[in-house]
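Participant: One letter stands for each residue in the lines below.
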Amino acid sequence: MTDTAKPRKEWPLWEIFVRSQNGLNHRHVGSLHATDAEMAINNARDVYTRRKEGVSLWVVESKHITASSPSAKGPLFDPADDKTYRHPTFYDIPDEAGHM
Amino acid sequence: MYAQMVESEGNRGDLTAQERAFQDRIDAGEKIEPKEWMPEGYRKTLIRQMGQHAHSEIVGQLPEGNWITRAPTLERKAILLAKVQDEAGHGLYLYSAAETLGVTRDELFEALHSGKMKYSSIFNYPTLTWADMGAVGWLVDGAAIMNQVPLQRTSYGPYSRAMIRICKEESFHQRQGYAIMMKMAAGTPEQKEMAQDALNRFWYPALMMFGPSDKDSVHSEQSMAWKIKMNTNDELRQKFVNETVPQAELLGLTVPDENLTYDEQTGDYSFSEPDWAEFFEVIKGNGPCNRERLQARRDAWSEGEWFRDGLTAYAEKSAKRRAAAALAAE
Ligand SMILES: [Fe+2]
Ligand SMILES: [Fe+2]
Numbered sequence: 001m002t003d004t005a006k007p008r009k010e011w012p013l014w015e016i017f018v019r020s021q022n023g024l025n026h027r028h029v030g031s032l033h034a035t036d037a038e039m040a041i042n043n044a045r046d047v048y049t050r051r052k053e054g055v056s057l058w059v060v061e062s063k064h065i066t067a068s069s070p071s072a073k074g075p076l077f078d079p080a081d082d083k084t085y086r087h088p089t090f091y092d093i094p095d096e097a098g099h100m
Numbered sequence: 001m002y003a004q005m006v007e008s009e010g011n012r013g014d015l016t017a018q019e020r021a022f023q024d025r026i027d028a029g030e031k032i033e034p035k036e037w038m039p040e041g042y043r044k045t046l047i048r049q050m051g052q053h054a055h056s057e058i059v060g061q062l063p064e065g066n067w068i069t070r071a072p073t074l075e076r077k078a079i080l081l082a083k084v085q086d087e088a089g090h091g092l093y094l095y096s097a098a099e100t101l102g103v104t105r106d107e108l109f110e111a112l113h114s115g116k117m118k119y120s121s122i123f124n125y126p127t128l129t130w131a132d133m134g135a136v137g138w139l140v141d142g143a144a145i146m147n148q149v150p151l152q153r154t155s156y157g158p159y160s161r162a163m164i165r166i167c168k169e170e171s172f173h174q175r176q177g178y179a180i181m182m183k184m185a186a187g188t189p190e191q192k193e194m195a196q197d198a199l200n201r202f203w204y205p206a207l208m209m210f211g212p213s214d215k216d217s218v219h220s221e222q223s224m225a226w227k228i229k230m231n232t233n234d235e236l237r238q239k240f241v242n243e244t245v246p247q248a249e250l251l252g253l254t255v256p257d258e259n260l261t262y263d264e265q266t267g268d269y270s271f272s273e274p275d276w277a278e279f280f281e282v283i284k285g286n287g288p289c290n291r292e293r294l295q296a297r298r299d300a301w302s303e304g305e306w307f308r309d310g311l312t313a314y315a316e317k318s319a320k321r322r323a324a325a326a327l328a329a330e
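Top to bottom, those sequences are chains A and B. Position one of the first sequence corresponds to residue 1 (the working numbering), numbered consecutively onward. Position one of the second sequence corresponds to residue 1 (the working numbering), numbered consecutively onward.
In case anyone wonders, no lab produced these hints; they're calculated from the structure. One or more hints might be untrue.
What the hints assert, rightly or not - Derived BS3-like pairs: lysine-lysine, alpha-carbon spacing no greater than 25 Å straight-line:
{"no.": "1", "chain 1": "B", "residue 1": "Lys35", "chain 2": "A", "residue 2": "Lys73"}
{"no.": "2", "chain 1": "B", "residue 1": "Lys77", "chain 2": "B", "residue 2": "Lys183"}
{"no.": "3", "chain 1": "B", "residue 1": "Lys183", "chain 2": "A", "residue 2": "Lys63"}
{"no.": "4", "chain 1": "B", "residue 1": "Lys215", "chain 2": "B", "residue 2": "Lys227"}
{"no.": "5", "chain 1": "A", "residue 1": "Lys9", "chain 2": "B", "residue 2": "Lys227"}
{"no.": "6", "chain 1": "A", "residue 1": "Lys52", "chain 2": "B", "residue 2": "Lys77"}
{"no.": "7", "chain 1": "B", "residue 1": "Lys31", "chain 2": "A", "residue 2": "Lys73"}
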């Protein structure tokens, strides 16, 4: 049985990123526990690429990731709302100008 | 389904403005991501459900693991091994997803080992013959699929992503099981009899996987409103029966239900309910294999302790060594 007297040290959590094929970005696929980076790579191979889902792996210990806070969603991303001039469709260009 | 009778933390009474806004997001089909505000009941219910689901994947390895060393051919053995390994992966996806809600892996294991958290009733039945590997893949994974496919649209982002990943792998599970049944059903009379016997034993336990009938079901409205539960138990059970009966006919096997009839009008089969008294006994811990399954998990955990500790010690030692080497190089 689990022994409650000794506080168990959990293995650190790692975030796993997989490049599915060359030419594409690594993409976050999930996380897993491992004692070190090498074990995280080995476990990621077994957990996330059993069916040739990837050609390359990145593992990053979760504690090293700094995330923007959900409450910062407005201040960070809303300013883009009224800048439609950043999109090509904002401009009326006559067809005669050709593909642009 | 793998999460049966998950008690929902109801939000009774009037919603606060924050809860209302949260519900509006869910109604609009938005996904909720970790660290975003959520009602405490939503968080707790999800931990319960995803934890139970994860435990089911892990405990679910045991009945099939029973046959890995006794598979009839090397090919069947490789297939079963791959299938069981997938289930370990499913458990890991779900544990990781649950951990985004602030529960730790060790807390989840502890809850499983102490019996505080449950796993699906289906895994408390024994796998007596090789044909059971067919019946499990076909019926048990088949029933799981019924539940998991709609859950891909669940409101909690990490849960939804785990489900999408799992669903991609489940079809192989069901098909390899059905392929075993096809082989056995087309084999010698004895083999066909084994296949029929496996269907006889797994039919009702598979129907129980969806949980009690809606009329006796624990309050699931809140979970449905939160999109943690996508369909009622009876809806999914009906769908499962409708899809499975023709598959049994194709095998030349008989579903063990004298009351099974097809309704041309609705396109639904009507069928006998499983023995719910048996179901509640199994849930309480009195199924044929409850003790054995839980003991196997506890033993795996305690007997693996020296190994986990060894790996931790090794990682710490090599980290120190690397630090010392880096210092020396300066
Ligand atoms: Fe699974
Ligand atoms: Fe499966």
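Participant: Going through the numbered hints above, which ones does this structure break? Give me the numbers in ascending order.
Facilitator: Hints 3 and 5 contradicted; others consistent.
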